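Keeping their order, the protein sequence lines are chains A and B. With my numbering as the guide, the letters of the first sequence map in order to residues 757 to 824. With my numbering as the guide, the letters of the second sequence map in order to residues 649 to 1290.
Calculated from the structure, these hints are not laboratory results. Predicted model, so just to flag it, every value in this text is computed and none were measured.
Pulled a few chain B residues facing chain A out of the computed Cβ check, cut under 8 Å:
(1) K805
(2) N901
(3) K925
(4) K927
(5) V999
(6) K1104
(7) R1120
(8) K1254
Every beta carbon over 10 Å from chain A, so not counted as near; a handful from chain B, in silico:
(9) D739
(10) R866
(11) M879
(12) T1028
(13) R1139
(14) F1268
We put the CB at the ideal spot given by N, CA and C, even for glycine.
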Amino acid sequence: MPDSASIAPIAREADGRPALWVCNRCGWVYDPSLGDPLGDIPPGVPFEHLHDGWICPNCGAEQDYFFH
Amino acid sequence: MDRPASRPLSEIAAARMGRRAALKSLLAGTAALRSLLAGSAAMAVAPRLAGAAPAEHDPSTLTFAQPPHVIADDHQVAPGHRAQVLIRWGDAVAEGAPAFDPAAQTAAAQERQFGYNNDFVAFMPLPVGSDASDHGLLCVNHEYTNAELMFPGLTLKDKLERQTSEQVAVEMAAHGHSVLEIRRQDGVWAVVPASPFARRISLNTAMAVSGPAAGHPRLRTKADPSGRVVMGTMNNCAGGTTPWGTVLIAEENFDTYFGGDPKKTPEADSLARIGIKGKSRYGWSRFHDRFDVEKEPFEPNRFGWVVEIDPYDPTFTPVKRTALGRFKHEAATTTLLPDGRVVVYSGDDEVFEYLYRFVTKGRYDPRNRLANMGLLDEGTLAVARFDKDGSLTWLPLVWGAGPLTPANGFGDQGDVLIDARRAADLLGATPLDRPEDVEVNPANGRVYVMLTNNTKRKPEQVGGPSPRADNRHGHVVELSPPGAGKGRRARHDADRFRWEILFLAGRREDGATTHPASDRFGAWLSAPDNCTFDNRGRLWISSDQGSAQRKNGIPDGMYACDVDGPGRALTKFFYACPRDAEMCGPAFTPDNRTLFVAVQHPGEDKASTFDQPSTRWPDFTDGMPPRPAIVAISRDDGQPIG
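This is chain B alone, in the form it adopts within the complex:
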């Protein structure tokens, strides 16, 4: 929807001078310095400090010393910090959970134990609405499972055929989400046993469907003729929190769970667009008809949504909010507009996919928490088109407008949301290099998009926000809504933003454009994935190189950089995951004295199995496989991190 407004001075100046640098130079001294180094509008796409003389002094505001930048069996943290393993796969969550026995796993036990492959982490203070940093709820996603690492006797090559029905049931119980009550005493975190808040959510948790696609004929199955009740959630990658204290968890690679031949279904085109080809990464369709698209062609339409959970109410029925669209949501990040409306950003994590934004119609009511529970059901979903002049335009996905009509197969808004990718194709959205996390910097109002990699971008496809062919190391794009800047109010609902590249990741010889002083005072990184900000607005990035970790020879872990000032894009290394793990879920306590991180799939490699894993982190005990775990990082002196 169009919101006419007077053009800000900065936009007028930029247009008149014909240079994006002009906009920056109006804002702040540090920005002016950058623009001087930028040169032309075209060059403004590249980081502006590239080519500057090597710094004699470290210009970063981040003062921690870096740990060794090497891959190891164990994790490592910056000197002067401690990294406490808080909870591991199999540890007790809900009351009555038995002690973890990897040789005798049952689905019933797993439904009460911490799930596998922890990803998104949110710290939700107790009491609700406070900024407590010593007591709260830790909300954790469990994205997926590695059967060959979870169960004895399986390998990558034979797991689909050899898995038992009970092992599949354990996998389904190990997906989803955990809510834990945790408390910090004398600098040490502990899970509160038998907490009334403790909860596991899995593939067996009933969930409601709300918003424009609820009850849609393409959401109905034999088990649920209403199209309004779905059993469970899966592949919950990252997520977000809302101003009213709920948690959003994002369903990402849901296509990988379905077997059966999609060409034999009435949903063939839709299933193809989402990537379902008739072969699953899991053996679930052998035992459960709903994961066989020939038997339940609409079941995949019931995943790929953003799910809202109230962690403060353990009886709350999770809700799939269809107004936010269906695609491979990496995350769902909210920010509040001055008028009380809420904005949600979400990336679609696949090569050549898009960046989306949702703006609510209704307004947040800070005095009545429960009144906000339906806010995400009504509003406008839009997708981003990046133009080479440095502008970004949000294109609304509204049924009946433009190409989103019955002539193109869209019978109603439900169809537009279920097939959001196809709608975005028709609108001319800009294909990106795997949009991962998207986060709003509370200090400057700008939006940061992690574009993790895309080895398939060809030289003729380079341009705009994707400046590198065969982009193996990924990059970070910075979006500026009108009004962004320190102490100002960014208009996240505006139809047009500006964009530029914060940095291209990798080594110098790969074309990295991080701050040149990164080579002396920082470290290089590859494949930015999730991110968060500290209270000073500095960017903390977790990385996921995948199989390239071994090729690159550096660990995945936590990196951090300034985004404003002379240390902009000077990346420093803070924490190393153990071997073959990726880093997820960075989340600070409100006082910034603890950083929670999620170590996902330690030991995931082609030859690594339960019986012979590439690491046994964090237990290093014979017979105990590697266990994904949450780590709480704090400074030895208890001061804020950074």
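Pulled out of the complex, with its shape left as it was, chain A reads as follows:
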């Protein structure tokens, strides 16, 4: 049974890639093709599939502070 995160719709860039998301607190960018090495997120994870506890690796802001 998939959890709610894995069935959430995924925002995409114009070229079809999963969207890059920007932290409104510090400007740090989550790029799904890079993941978040500091947060043990491997490449390939869309922003919408990050676990609930994931926060901005640079400033600590929660996911609600991100936009794309």
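Starting from the known structure of chain A, fit chain B onto it as the hints suggest.
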């Protein structure tokens, strides 16, 4: 460069006794007390008063009463003080500025009005070179913009798509710097209208590039084939002042302004190291090609520098001083060596980044002010390696030396400076927990480094100057150049310093190591960011918890502590920012009777917008959004603060 010198007695003693505490015990009675409590060299890394019996009396020399330590819509200051809002976003700066109308903003108006998100503040006395405290220039950085709070109808989620070209132009005009002439009469500060010194600097101000990277091929663009003229400055966080009366403003998170795919450029590796990934926090690249790295791959190389401004000359062309290196400069703090050379300290504000120092080759000439304008163009940039034995070694970033050669992609000193982070990686610099402000204490010659937080430090990465995993509250590191101490001359040009931790911030249960009497007589803080010293050498810290403000339940604001004596690291709370703001720019007048602070991004929260902000500070008027503003704090009785 190596400067052989006889070892000071303290160093010899410390080496012989095998304990850093020995060094301290030679210096002063208060230091000796601390070292007795320290125990071992390893423990000397932790503050030495941890574990002492609770104090019956307040050992701090700071005697003000604290305001309520709670988050509120309005700001609050210590009882017996007043906090005057001096100037707000949109207020007039340059002659001809129209009255601020948030519903009808134009870039032309904003170019004459006080910019957004004030950060660094410097009080520069008038006349130049004096220690006047009633009349001077207030020099203020405008770090960044929050479109969703500045303009009606935008939200966090849609601002990039919906912003208009004129709104972007307003944002670009709201960045940069303001110079204001201000005067204090009967204890009240006022901006002098139509002052000849008044000036706004923005993304539209032409700036010169100087130093070893000036004219470098990697600084050239279609608009500037010379690589020597840049339009504007941005993300000016903190800064510093020079002995010759100029202001240094630091370009910090410049990576966040650029769109376009960096992988499609010849600068892919360099852009990646600085954090450019092809998505901007701003919508500027939709309207301006220079913010699209696919169209102008070298434009990002023209930011990330320290910019020098002469506030006393409104016609002065600001200069980007490339000799100080390119990274996310939080600030640029100077100190003068006894022989007239000048030292600049600067932190690179990102998790796991470094601390840098620049030492000029030339000497300051106090009799000829203008002769000092090129001093920051020639000298040696170095980066800090902290060792676990309590020593710090400065590693020079000099082209051709060590790994900084063509084999590693460095064709000249310009490459070393443009890619200072990569050069520092190769030299083995020590990654820190977001180095923010770095300031020299004029009373004891020591250097204080604010390390604001790093939630990504893992247990296996703990050690040395970074003793805490998942460091949510940050800490303050104290550096001692040889010769530091009251009434002595610290050798800020030395190749090796000593370091120790002044305190770990947070609550006790978070592992805080502030003075134990802080719990009774002081207050806890989180995320130290900027700082300054009063005339007695006491440390005044501004905090920026970011989104953690709500989680922690305490406001950002001003805190202060002794750094010497029995009240060392006893943190007290002095001023509270309004809700969702961070505190920046603490700056005293020379007489310490006024403390200027910058309230940045009041109301910045995930659901907060122009239309429905989380606070309307400082106006609290319907239709008026929250406005970043400068606050002048003074005592009711007019005596020095503290």
